[in-house]
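A.B. asks: Using the sequences and the hints, build the whole thing.
Number of protein chains: 4
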Amino acid sequence: MEQIAYGMIGGGKGAFIGDVHRKAIRLDNLAVLKAGCFSRDVEKSKAFGTELGIKGDRLYTDYHEMAEKEASREDGIAFAVCVTPNASHYDICKAFLSKGIHVVCDKPLTWTVEQSEELMRISKEKNLLFGVTYSYTGYPVVKQMRKMIQDGKLGKIRFVNAEYPQDWLAGPVDEHSSIAPWRMDPKVAGATNCLGDIGSHIENLVATVTGKKIKKVCARLDSLVEGRTLDDNASVMVEYEGGGKGLYWSSQIAFGYDNALRIRIFGEKGSLEWVQEDPDYFYFTPCDGPKQKWSRGRDQFDESAQQYSRVPAGHPEGLYEAFANIYKPFILALSKQLRGEKLDEIDLDFPTVEAGLEGVKFINRCLESSKQGSVWVNL
Amino acid sequence: MEQIAYGMIGGGKGAFIGDVHRKAIRLDNLAVLKAGCFSRDVEKSKAFGTELGIKGDRLYTDYHEMAEKEASREDGIAFAVCVTPNASHYDICKAFLSKGIHVVCDKPLTWTVEQSEELMRISKEKNLLFGVTYSYTGYPVVKQMRKMIQDGKLGKIRFVNAEYPQDWLAGPVDEHSSIAPWRMDPKVAGATNCLGDIGSHIENLVATVTGKKIKKVCARLDSLVEGRTLDDNASVMVEYEGGGKGLYWSSQIAFGYDNALRIRIFGEKGSLEWVQEDPDYFYFTPCDGPKQKWSRGRDQFDESAQQYSRVPAGHPEGLYEAFANIYKPFILALSKQLRGEKLDEIDLDFPTVEAGLEGVKFINRCLESSKQGSVWVNL
Amino acid sequence: MEQIAYGMIGGGKGAFIGDVHRKAIRLDNLAVLKAGCFSRDVEKSKAFGTELGIKGDRLYTDYHEMAEKEASREDGIAFAVCVTPNASHYDICKAFLSKGIHVVCDKPLTWTVEQSEELMRISKEKNLLFGVTYSYTGYPVVKQMRKMIQDGKLGKIRFVNAEYPQDWLAGPVDEHSSIAPWRMDPKVAGATNCLGDIGSHIENLVATVTGKKIKKVCARLDSLVEGRTLDDNASVMVEYEGGGKGLYWSSQIAFGYDNALRIRIFGEKGSLEWVQEDPDYFYFTPCDGPKQKWSRGRDQFDESAQQYSRVPAGHPEGLYEAFANIYKPFILALSKQLRGEKLDEIDLDFPTVEAGLEGVKFINRCLESSKQGSVWVNL
Amino acid sequence: MEQIAYGMIGGGKGAFIGDVHRKAIRLDNLAVLKAGCFSRDVEKSKAFGTELGIKGDRLYTDYHEMAEKEASREDGIAFAVCVTPNASHYDICKAFLSKGIHVVCDKPLTWTVEQSEELMRISKEKNLLFGVTYSYTGYPVVKQMRKMIQDGKLGKIRFVNAEYPQDWLAGPVDEHSSIAPWRMDPKVAGATNCLGDIGSHIENLVATVTGKKIKKVCARLDSLVEGRTLDDNASVMVEYEGGGKGLYWSSQIAFGYDNALRIRIFGEKGSLEWVQEDPDYFYFTPCDGPKQKWSRGRDQFDESAQQYSRVPAGHPEGLYEAFANIYKPFILALSKQLRGEKLDEIDLDFPTVEAGLEGVKFINRCLESSKQGSVWVNL
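Residue numbers (UniProt numbering), protein chains in the order written: chain A, 1 to 379; chain B, 1 to 379; chain C, 1 to 379; chain D, 1 to 379.
Hints are not guaranteed to be accurate.
For identical chains, the list gives no copy identity; a pair is met inside one copy or between any two copies.
Lysine to aspartate or glutamate pairs mimicking EDC-like chemistry, simulated, CA-CA at most 16 Å apart [stated by the list, open to error]:
no.	residue 1	residue 2
1	Lys-147	Glu-345
2	Lys-293	Asp-278
3	Lys-245	Asp-222
4	Lys-245	Glu-226
5	Lys-269	Glu-226
6	Lys-55	Glu-2
7	Lys-99	Glu-68
8	Lys-94	Glu-114
9	Lys-156	Glu-226
In case anyone wonders, no lab produced these hints; they're calculated from the structure.
C.D. replies: As structure tokens, this is what we get:
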């Protein structure tokens, strides 16, 4: 298969997440980086792009130039990857969509609901693919849990308990720490820190696995480290459309936790449990038997999950592979569309702009609820 | 040491919890069962009491008779153990206290706050000991965690995440099930099922370990199994006096969970984590080092916890021992008082009527909050 | 049911294991302590016996006197519990058997194979019950695993990997340590320390669960702490009669392990796994499905195991209950025999003198193998 | 940095391990695949090579041609990766070394000790780098454990318990199974299956982490599945040079285990424990404190380990990254040597031909021991 050309905005030298995106794409080698604008510092951006093997005429001064020039080249990029800080997602995505270039963007998608709605509208009008890198839904076991729920193995969903504890912001964030102080500066970081950064992963994971939409939320955002303005901890009570309740907790002050996104789903016929730090395994308890430990790659897995498994059971897969599992269906769908074929629902096996919009709604409604003293707010 | 005489109300043949109380007391052999009224069915009660080795003249028709006659005997019981359904706790405890007999009662202590306040008032006035069997705080590791927090190992408490999932009420409770249908009948069971039964254990465990009092709650009680009136699942957001927040979840529909009371306490200097199903171990993560697994009986334990350890590390202790660790300090304190000595604060190393009252307040305020659509209610 | 009278030899004040025996018996209250000889120091012995509530005329100067006098009393003890150091087991058990008194003895039963064979012979001739307190086989989940293997759930057993790591002898044992130096003195402790003390538990556990007899062993006993003569670590390759192999490892220098007796049994249709430190759970993996976690007390348990479960799933049981589960069937069988009824195979649901003999054989053959440089030695 | 050119022998379409090697190299992008001979079927080989983007004139008929032609090109490959079945490793590696091309080869390196010794000799004479892909030593936590032992955190090593249970050969391997029957055919597979395939990983892992060499072995290889000639289970008692003992168990019939390589190292000052299926964590127990859980990426890690960490703690890394961590130091060392710089000991931070030779010795001596009925055999 011919490799598809892509470009990147953001993700300069030393930027963690940009490197993850590039490595994840390289794992399957279905796309190749051909253009970029990696930093506001044009010199640095070009030097880094050269290091990455990109030709000089495709290293751009800004994303406007990049969108325009790539759109006009015959060999221009088919899709743009936006890995800048959240504040600029909207403008950048819009610029590329406007030029007819497909987009993959980091989460959370935008600051406001309206911005996400507009991006969704443009991408629909122009029939462009739009992926949002909620990386944790790329794990094969997440796909398997989704399938089991679709197949009715849990029956009606009754309750979801999901959490995302970390501890990297449990200490003071100041000039002496390795963490940039702007993270806690609302002027730069926006109205939320913890909920927007990791709470949104909970929302997307639950939505992906259960297929349920949130009807309303009752949230409390806390700033538990002294002197901090933005939230570093958040509790959210949730009610789903069509029945079922949920409780979400995200925290960045939870000593003893690295990155422990965890989901527990209780239905009328059984339950499912998974934690991101041990991503190859999940637990299924049927109502009439003992708890079962399912191991990625085993024959019990459905083909819709198994196809994302790269190495046999017991040979650990990690974040890069999960990320690659977002890009793989995106690029395969894009190839199909570029070949002129019509896409089926099943081809869109990645978080789309709709998922991005839901995330932004969730964040904004929780903020609203918390500001009013934890009242119920409809989504 | 001479054994102290005690009597029991409730706990007839086949009643689970009464048997646990008797076995737990027998483990240390500091008290001996001498009188009882085990069932409303007088014949059954007497037959069972005889089986337990109690003399006929101390097997009573009802608790009023028992309180009166035992109080008037020279060799009468020193304390009464009340293990009847919750609805009758208030009347029974009051009857014995009124006759000057010390009391141990199951939790939750009473239905209303006023009832608990009255029991507290009487016991204070008459200088009677009053224990409430919140059994899970009897575990030696609970004592150790409490000590570490008292010693400042966590610094200021920032957040508590505690939960108590079970699954034994996840199926329908009807004539075909082994679970008595009255559990779900509000006329018999009162205003709450799940929150009152197990949510109250969360409240007591957190209060015991952290020493913190709840300022206000925002609760949602759910009836997730179809056709059910009472709650089988409850989420509670909590705020503590003097700072710190909490999130409590209790559930009886959580397939895959037996009895998994679990507590995680996050402070500014570290965290603690414990789950009741693995009661001999807890986890301590200091802010500046890796997570540590502490094992009951090891030299690191403080004497205030170690004194409750009965067998060496790695030799499991369980529920009977936890229960015995409620009775042991109660009976030792009682002996001391009976010898005419003055009790110190440290002698009252068991849940007292104050703890019982706090629990009843917690339950009632959560009910109030939930009924009003999850508003904040002060305790 | 009337309580049976028993007596104890050894288990004086402060002796850990004697107290465990007494508490375990008291848990079910089926037998009551009526006579004893708790220490070689007669004064101490009598003082302690009095404290335990035993009448003065049944506190004896030595076990000979005790056996003789108790045998001649109409209300004499029905069985004697021997909890002295191993060296004296043989003489004491023989004394009581000779007088027609049933016996329960700690493990390992005797030093030599011949001694155990003689005890077995006498008990058979006199039709006396003889229990050996391999406590770890009392856990309900051990009974359940045994049943599943009997029922063919694993098919033919292929391999057993069993281990028993501890760390309490990893440091130097000298005048400064809390551990008595005689433990490491072969003149007092006999020819083995680690293998005899804990390796023998592995042997009994495997034999109990699988029903397999050992055909031959190839062993290496190590003294890994400098300056030590006796073993503190032992590796044993095993071959079973009728096919199947095993590998046993016991160690007392394994930092990080309290008392982690663990068994993994692999058959042609599945496997079982259990660790004593988490005694209420075991893992069953069928050849055609995911690993299952079985929880004591759940409906899946067979009645032969369930009958030993005392509290519901998730309410931890521990060592006392396991010990009580050795005594319970012993005392029930004894009662039946005393009532003149004939015992069935199923009544002897405790480790008998045959199990004791197998253990002594195992220890002696391993010692022989190791001394000769790890050659194969038949049992 | 300029990318280094490499070629591959074996690893054709659908071959699992060849794909892993290519992906692992691509992750860091330090080398690029430029030549190959992927299959004995020349047509298939060339078709697959074209798919991989290799030019036609560098797709070879056999490895002799490849070695010769690549050696004579100015832009010829700097190193060859040999991922063929074990039987051909020796010939292929020798062919490339003879032409002055550096080599990376899968494990076990060769069938006989003499073959490995010759490969070592040639590579030394010609000053060529030679890597052996014992992938599991690439994990950052393995590097960290090695450093802690080098730094004396365990003191003198006393005992190692290591195991590698799998279950994929627990069922019959026949025409109906997905596993090629030749695996169990000694004419094709050589003298060992389980020990050679996975037992050798144990040997290398222990040697890497502890730095200890094996002095002698006493082994038992078992064929536990009926009708099988080659081993599917192996127990090995080990003695190290300079003191310390070990016990290794590898098995392919262990239902419930995917790929559970596990190591436990006990020293006089503490212990270390790690299992490959949870590769980002290990446990350190100091002699004077509780067990600690160390998490990859945390500040406690030494730079020699931390440099191999790619994403923050809690973001799982897996097999691809471990593999990449074998290639990364190999390629960096090769670059340095190609730049004419002298390599230091520290540059060779990957399993070299010496490690390969030790593995082949271990396998052959264990086979010898087992054939003679588990006698001790010196290495």
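A.B. asks: The structure should be examined with respect to each hint, and the outcome stated for every one.
C.D. replies: Hints versus structure:
1. Lys-147 / Glu-345: Within one copy only: 15 Å inside, 50 Å across.
2. Lys-293 / Asp-278: For Lys-293 and Asp-278, the Cα distance is within 16 Å both inside one copy (12 Å) and across copies (15 Å).
3. Lys-245 / Asp-222: between (22 Å within a copy, 8 Å between copies)
4. Lys-245 / Glu-226: Close across copies (14 Å), not inside one copy (32 Å); limit 16 Å.
5. Lys-269 / Glu-226: Between copies, since 13 Å is at most 16 Å while 45 Å is not.
6. Lys-55 / Glu-2: For Lys-55 and Glu-2, only the inter-copy Cα distance (15 Å) is at most 16 Å; the intra-copy one is 19 Å.
7. Lys-99 / Glu-68: within (7 Å within a copy, 51 Å between copies)
8. Lys-94 / Glu-114: within (13 Å within a copy, 63 Å between copies)
9. Lys-156 / Glu-226: For Lys-156 and Glu-226, only the inter-copy Cα distance (11 Å) is at most 16 Å; the intra-copy one is 43 Å.
The structure shown violates none of the earlier numbered hints.
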